[in-house]
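Peer 1: Chain by chain, the residues:
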Amino acid sequence: EAEVAQSPRYKITEKSQAVAFWCDPISGHATLYWYRQILGQGPELLVQFQDESVVDDSQLPKDRFSAERLKGVDSTLKIQPAELGDSAMYLCASSPGWGLTYNEQFFGPGTRLTVL
Amino acid sequence: QQQVKQSPQSLIVQKGGISIINCAYENTAFDYFPWYQQFPGKGPALLIAIRPDVSEKKEGRFTISFNKSAKQFSLHIMDSQPGDSATYFCAPGGDYKLSFGAGTTVTVRA
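Line by line, the protein sequences give chains A and B. Going by this note's numbering, the first sequence runs without a break in its numbering and finishes at 1315. Going by this note's numbering, the second sequence runs without a break in its numbering and finishes at 113.
FYI, nobody ran anything at the bench for these hints, they're computed from the structure. There could be a bad hint or two in this list.
Claimed, not checked - Among the chain B residues that face chain A by a calculated CB cut under 7 Å, a handful are:
1) Tyr35
2) Phe103
3) Ala105
Unchecked claim - Derived SDA-like pairs: lysine to any residue, alpha-carbon spacing no greater than 20 Å straight-line:
4) Lys18(B) / Lys45(B)
5) Lys45(B) / Asp1255(A)
6) Lys1261(A) / Ala1217(A)
7) Lys8(B) / Ser1206(A)
8) Lys100(B) / Arg1311(A)
9) Lys100(B) / Ser1206(A)
10) Lys100(B) / Asp1255(A)
11) Lys18(B) / Pro85(B)
12) Lys1277(A) / Ser1206(A)
Bear in mind that the values here come from a model prediction, so they are computed numbers and not experimental data. Backbone N, C-alpha and C fix where the C-beta goes; we use that ideal spot for every residue, glycine too.
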């Protein structure tokens, strides 16, 4: 069964350092999402891509966060510099982006970030 | 997330019992109503979803009931099993976006 891949699974860093997360969506999925999930809360959308284009980054803290999906396949989310409040699970999801199931989102296992 | 309210925050049920989780939303433009299941350390997984043209959908032990006029939908877990112990999120949405509730932690006692 096709799955969304993410790496690393766990990341510990010190504040002010740079971190990067990688996501490989399900093959053929045009839409890719990055979410942040704070412990005990639901996922919150950070950025949404349609192919290689950003369609929504309104909740992305652009002073320190950046995201790219250069070839419209895999994606990278970067934080520089990391702050203590960035400690969370970072989830990637993908969606077919078309057809009757276009709203269905499939999530990866996430990257657990701890900032010390 | 303020436009989606999920209740209860947590619940404990005996094995074989029924778990009921409710979700209220404000955005009348939503046209897709899913429930996601998440185990500790894992990403959410789609459990069951409904579209607004039907009032109920059943898949195995899981049922969604949808009340469009009240802007509410609920998840019923019948014959709850210990393996159902997880956090459940409603995530109504549309137009390629989902709005997640805060989650309900379900514990099934053997």
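Peer 1: Could you work out which earlier hints the structure fails to respect and list their numbers in ascending sequence?
Peer 2: 4, 5, 7, 8, 9
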